[in-house]
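Starting from two chains that each stand alone, build the complex the way the hints lay out.
In order, the protein sequences belong to chains B and F.
The first sequence begins at 1 in the working numbering and counts up one residue at a time.
The second sequence begins at 1 in the working numbering and counts up one residue at a time.
Worth flagging that the hints you see were computed from the coordinates, not collected in a lab.
A couple of the hints might just be wrong.
Stated by the list, open to error - Examples of chain B residues toward chain F, derived with CB under 10 Å:
1. T19
2. R31
3. V39
4. G49
5. A50
6. L81
7. I90
8. G99
9. C102
10. F104
11. H131
12. R138
13. T140
Stated by the list, open to error - Not close to chain F: a few residues of chain B, all C-beta gaps over 12 Å, as computed:
14. T8
15. T10
16. T17
17. R23
18. G57
19. L59
20. L68
21. G72
22. E118
23. R154
24. G160
For every residue, glycine included, the Cβ atom is placed at its ideal position computed from N, Cα and C.
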Amino acid sequence: MPEPRVVTMTVDGRTRTGTAEPRLLLSDFLRHELGLTGVHVGCEQGGCGACSVRIDGRLVLSCLTLALQAEGATIQTVESLAGSGELHPIQRAFQARHGLQCGFCTPGMLLAAQVLLEETPDPTDEQIREHLSGNVCRCTGYTGIVASVREAARLLREEGP
Amino acid sequence: MSRPFRHVGRSLPRVEDPELLRGRARFLDDVRLPGQLDVAFVRSPYAHARIVDVRADAAGGHDGVALVVTGADLGDAPEIVTTSARPEAGTWRRPLLARDRVRYVGEPVAAVVASSRYAAEDACELVEVDYEPLDAVVDPEQALEPGAPLLHETNGSNNFAHIEFERGDVDKAFERAAHVVAKRFHFGRTHAAPLEGRGGIADWSRDLTLWSSTQMPFLVRSMLAALYELPQTRVRVLVPGVGGGFGLKVHLYVEEAILPLLSRLAGAPVKWHEDRYEHLAASGHSKEVVCKLELALDEDGTFLALRGHLIGDGGAHQGHPWTSLIDPLCAASMLPGIYDVPAIRYEVDAAATNKCPSTAYRGVGWTSGHAAREVLIDDAARLLGVDPLELRLRNCLPDGEPAVSATGCRYDGGSYAESIRRARDLVGYEAFRERQARLREEGRYVGVGFSPFVEQGGWASQVAADMGFPNAGYLDSVCVTVEPDGSVTLTTGLQSNGQGHATVLAQLAADGLGVLPENVRVVQGDTATGAYSTGSWGSRTAVIAGGSVLRATEDVRQKLLQIAANELEASVDDLELEDGTVAVRGSPHRRLAVAEVAAAAYAGRAPEGVDPALTATRSYDPPATYSNACIACVVEVDAETGRVTVERIVAVEDCGTVLNPLLVDGQVAGAIAQGVGAVLYEGLPYADDGQFLAGSLSEFLYPTAPELPDVEVEHLVTPSPVTEGGIKGMGEGGLIGAPAAVVNAIADALAPFGVSLDRTPLRPCDVLAAVDAAGSRVSVGT
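Bound-form chain F, shown alone (with noise of 0.2 Å):
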């Protein structure tokens, strides 16, 4: 857009809150329809099992049940088959319950549908089931080695997919090097766990309606359709407020895709909404990868050369469609991060094991990688006896030019190093380390840790070929309707899940067409009457969408224009739009208000040549294009206790053209909560035999307010040459970058223990056993 912005860029407060502040939006769960009929599953309390025998009859005949299926009811029903982009991929089947057995616990081995979820979970008690339990295998790395138990016999192997990167002369490098720094880090098991947990209704009568909370309406009824072999005109998702997503909800899940089955089957509407015990056990872990580095680095520090190999922890079964590669194969390619690395080499494996199945969560792989990366990069600091930030700032890209990293990301410029001065001039670098030191000396430890990194935005084409997968391509569209009386409809498939889309895509229409945000009506959450889209995952929405409704919002604008010129009697040149007049430059008395030029086309009046239908529908499809960050964290560490108190966190931030500067500061401050609770809080952890051992919320801990201090933000504003509107992404930085601030502070406190850390979480125990171990070392920092 060639205007300057008026509303985009304002902090302008959400259109989405007077609803939901009252209690009136409306939830999955708030949706019943008229015969509805509730599920409950049947989970395995088994890792890895042999299902020798299902009985069913008790629980079909107890009240109110209308249905019972079992795997061995599912007779040629479809199963759900996955695959990836990438050609090292294997084709992984999965049927819609467990059939003959079960491979971790919580997978659904019957269904139950009855008149109320109480009486399908009643119900449940009653469904008898005969396992002979197998081995389980839980790691990763022992799940890849010969004689470890198989999990698929017909894929022939636990690992999804092998695969290899090299760019440049890597162990020439590595033999020149005046120093090597190696490090295993094993990123644990997070979840993204929304408030609202996952949900569908589903009503299959001639057509098939499926109400789901998901943020990517248009790929369920695509794959829904594929599924059940229908025409995607005969499939309609409707989507009703999501309750969080954070990346959980861009996956086909089996206990959504029986669904329509069991609808035909009742011949009523069915509805299942999961526990949180379900939520926990089995919906999506994530994050799990094994990171292997080892950098080269020259006499000065310089980064010579990275090799990697990332093991990911991808579960059971493949999440669908995004596989088990999002994690390891992402963190792969972003190895190199805001450095120069010369040459790179990675391997990625992505194991199956005995544990709930991975499926993506805010930041994917480049949690985990990036991690690994900036704990071996403040231990080589530490080795080399340099500053981290000065190492940090002697590698890193020069700001604003666009570059190419080793693994081939195409940046578009940023302020990476300028993040980084930000960032320590705000925490008082010079002065906390007077007062670290200070403090040393009474026995109280107190670090900072610092967490600079890019971060790809507006997953489409171009970047999905940065990060590993070249084959894949995406379609995203709005529809811009001026309506009869000048008011704008903006229909899109994608899918707030809270991020504020009501909002920031009006601020775009009103500056694309020239009108007033309040005027403008953003309507998503049905594929009947939204623009095709992909969905909202990988801070796509604000480059994709804002993209796309400035290119769609330019096509109505001009029609409106002609058809202005036409009454006005004036040329298209003269004429300006603002603020929802169209006035004659020069002739202000000469003017149209909107709603009078959308009147004069909805009566069939535009000049020769000019459709008077004022509605355009674009798609847009942006280059690579990639926020920076740098986040730093203070922290103090109890070293008696292991207990990690969080001081401050600052953010610095540079997503490029800011439509919404408090909602971008939202997303920050929630990203990097998710982060701390990555590291601090959250775990999921599994007893050697596969069972799950984070079934509620008494073990899996969310940080609560007291745990977090204020996110200070700050923004800095590099926008991005190739995208419409200079606008670059956000949603996940956050959650990327902060766990690596918080290890890095908590071994930064640590130093005088010598500690290394090479793990999350590091709940006070973990902490307490770093410690034990430094203690037992002979040199410190090797």
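Looking at chain B on its own, in the form it has when it is part of the complex (with noise of 0.2 Å):
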């Protein structure tokens, strides 16, 4: 087995350093040697995006990315959009319009979100269906999700990110 190497990236905000064997993913880099939890493992086959991470402001399944690939990255997890402070707008919407049920599809659910009102700020429905096509949820039917996304771009349009 290779030895393990020493890691560092800046994750929301903060320069982290830890050790990953060559084939550590990334997502048990994040959350079991930053203890990262906010990001959720679904099914390390590339096919739910509860994984999912900001690489350099990509959206990117950290089920799919060695630890080691992001060495010198900035990488953003569900942490970064309200820190220790008040809810992000789109974390907002997502509560006012029902986004979630059991919340373990979320934080890949929020960044892909963000992602898309980055992008376009105003999303007709089938924009964002189209763009969380790589984001599974069992417990909404995407009914409440897609208004929630709906609700998240009004808000900042009106208030600003």
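In structure tokens:
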């Protein structure tokens, strides 16, 4: 087994260092090495989107990324949205429009919505649904999620990000 | 409760949400104990084989490995023994690991305990198992034929139970019938597939503690205590956030049951959290029932009688404690649905096959039986040349009146006809028929399907009897305590798995006591502190916890009033308690905050004969209650490719008293999406030799956002006359009703081809096959 290596990355605004075997998944590194359990693992097959994080701004499946590949990268997990402060407008919208039930898919869903609304501030329902196609929710049937993203778009347009 | 609700019925946003939205909620895999080891299982690649030899030495010597346990190592370890409340059922046993035989692909053969899941999986690769393959049986009807491979020789048969039921003169009704329609409908295997899989952490030193992702902490405690012969006081089950359950997590699985043993052997806490392959192949599959139905009608299309044979495919072992009967027997018990059916006969069989064991999934067998009946009714409408809605309205029970179905289900009144009419209006039925005709001329095929149904709510002793389990009984309770500062703690052993119990129970408690919901905190997920409950499944929590909360809060409210009367030197009859304040009616300056009343109680001040402890634990075993709804689905089918596009879904829903409309709509939409998925996307195919063919999310297709429209929900309200608060329960209906609506919509779209649909799933290849089969038929609609 190759020896673990030291990796350093910026996560949610802080410089973080840990050790990783070459095969260690980024999702496991974030969860178990750094304790960022807001990153959820739903399938480890790239099929559900729960583990989505942003790497240098792009939405990435952390279960299909090795920790070593993220050396030097800037990563945002769901915890970047609000930090310890007030809920982000996207988070408030998801609460107001019942965009979550069990909450397991929610971290990935919120980050996917954030990427969409940065690129497309006033999306149609079809654009919302298409953009979220990589994120599975088993609870809501997506009706509440689409309404939440619509509401988040409105809040962001009114309040700014 | 005699006072009107103030908080119940409002769309309060959920108190659960902020933690979940911040990523700060804690799920099972987020719990890590000091010294914890991780577990992985070696699983069978064969559907049916004799285990000749297992060699685990290399695995045991691998880096980081603490322990390897095989079936041969189990010695006198306990076995899971499962039976049913039905006298016809057998008693089936299952060791915690396969010992001499494997019976489905994915069955655990050995457990590896190591310093990490990575190390444990490495070592699993080093466990060598010699198998001698045996003939497998994957079809439930073939499994019941003489000469079929026998899965469990000690049981003597592949049939867990054969059950027969008859009421009314069925044969005579069929003899005098003007029309008889028949159908063999094979409802395919489905998977609850919550996004968070199963898992547990066992820590057994003096006492046994299990962290579990379960919907029923107290039953898990009871089952583990019985298995390991421990007093229940020595077993504690803790449940962190549950990432979806949908019934899958109402069982004790072998992988969880063995964790205490592994913890004891390893001398450390051990965690197992399954991966998606384990989840798809080897957790629990559901709803596979072959439904053979015959419906007798008179000249006018009035239903005279139903005959049914429901053959469930239970897979290789019984689920525990709920057996494979929850599919075919529940399907049979609800066969009359909303209709006035004077006579019925059914037979139920529960076959064992070399497939993943079957377990509960939202709506259990109601889904399959309902789908078969509703598809058959559309067949009958086509045969008679009657509009399918007209045929349903002609035969449905009268609105608002309690009725007992031919199978003995005690309906407490609903809006059966009204829900059909509202769904028809929302769809714009007549305009749709015109559009359908127009599009057909262009070679485009749109269709609409309707699916009206009743849904049991609050599975308790009476409903269980209605469903064919007359000897079953349940106890569920909540404890309500007003704390010294007037805030309220509500503890329960019922267990949210995403529904929002902490919000809804707080609304109920607030109304019951006369306080504000934000001052009520709901505590769940710990058998050491919770009030005993059977768990959250079968649409139980709203009805059962709801009733328990109303009873317990009434007890505490009376104490608050008595103590306040003492403090205010007033009569209890003159006091009002609303929004956290007790006031003397007509003298608004004479008032006390609940906090002040609590302070008096905790200082031991109470009138003579009143115990100042501001707490009550109450239970509720409700009478049978049934919600109803009608789901309508509009689809377009591409007859060239077989692709089905869902255009609209409408649900007209009546669950009696609505506790929180936002959450009810969420339950309806989510369950309907699962119903659409079960028909159009999800499938759990097995090869003829029992090889499992859907082991990843490339094969098992969840519906995603682009495949679904917004679900349009409308509420009708027929409060139950028999339950506390008029609450009926509604967690499962969408998945009971939606599959039939989708199948009927596809059949309606393809009616020009004379298509008859007889199964789920209906993926594009299945739709094309049905079109092809219809093309070779001589006549249409037979």
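Checking each numbered hint in turn, tell me which of them this model violates, lowest number first. 1 and 17
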